[in-house]
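Peer 1: Sequence:
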Amino acid sequence: MAMVLVADDDPVSRRILSHIIGRSGHEVVSAENGRQALDRLAEHAADLLILDLSMPEVDGLTVLREARADERYRDLPIIMLTASGLDRDARAARAEGVTEFLTKPFRSEALVEMLQRLLGST
0 MAMVLVADDD PVSRRILSHI IGRSGHEVVS AENGRQALDR LAEHAADLLI LDLSMPEVDG
60 LTVLREARAD ERYRDLPIIM LTASGLDRDA RAARAEGVTE FLTKPFRSEA LVEMLQRLLG
120 ST
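Here the sequence shown is numbered in numbering that gives the first Met the number 0, starting from 0 and rising by one per residue.
None of these hints come from the bench; they were simulated from the model. Worth double-checking, as some hints may not be accurate.
[Stated by the list, open to error] If you anchor each label on the Cβ, the simulated ranges turn out as follows:
(1) R90 <-> A68: 12 to 22 Å
(2) P10 <-> L101: 30 to 40 Å
(3) R14 <-> S53: 14 to 24 Å
(4) Q115 <-> E56: 17 to 27 Å
(5) T102 <-> E31: 16 to 26 Å
(6) A44 <-> A68: 29 to 39 Å
(7) R14 <-> T102: 13 to 23 Å
(8) V111 <-> V11: 25 to 35 Å
(9) L101 <-> R73: 19 to 29 Å
(10) R87 <-> M0: 13 to 23 Å
(11) P10 <-> S83: 13 to 23 Å
(12) R116 <-> R73: 28 to 38 Å
(13) P104 <-> E70: 32 to 42 Å
(14) E70 <-> R106: 26 to 36 Å
Quick caveat: nothing in here was measured; it's all calculated off a predicted structure. Glycine is no exception: its CB is placed at the ideal position from the N, C-alpha and C atoms.
Could you put together the complete structure from these sequences and hints?
Peer 2: Shown next, in the form of C-alpha cells:
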C-alpha cells in the first residue's frame, strides 16, 4: 500500500480523488492548499503527490518547484491536475519536473492507470 498526498482546494475533487485512490488500495492524505501540501509532504512519507495547478496561498507549480528543489522529493512521482488543459500550463509543469499531467474532468480509469504505472506494486 502506497501513501498518496492529494492537494486540491476543491473539496469535491479531494473526495473523488481520495475515493479512487482508496479503492485502488492506497492510503490518502489530503491538503486544501499548496501551503498545507508542503507541510503534509514534510509530515508524511508520501509515495506520490497529486497537485491541483490552481490553489490558494501557494499554487501547484510553486509546490512542484519547492518539492523538486528538496533532495528528498526529487524522484517523487508528481501528477499535476488542471481544469484548463492549456498547453502553456503543461509546458510550465513539465519544465518544473512534473511526472504526469491530468486534465479535469478525467476518467477514473486514467488515474488508476497512472497510479499503477507510477507506484507499481508499492
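Peer 1: Which hint numbers doesn't this structure obey?
Peer 2: 2, 4, 6, 8, 10, 12
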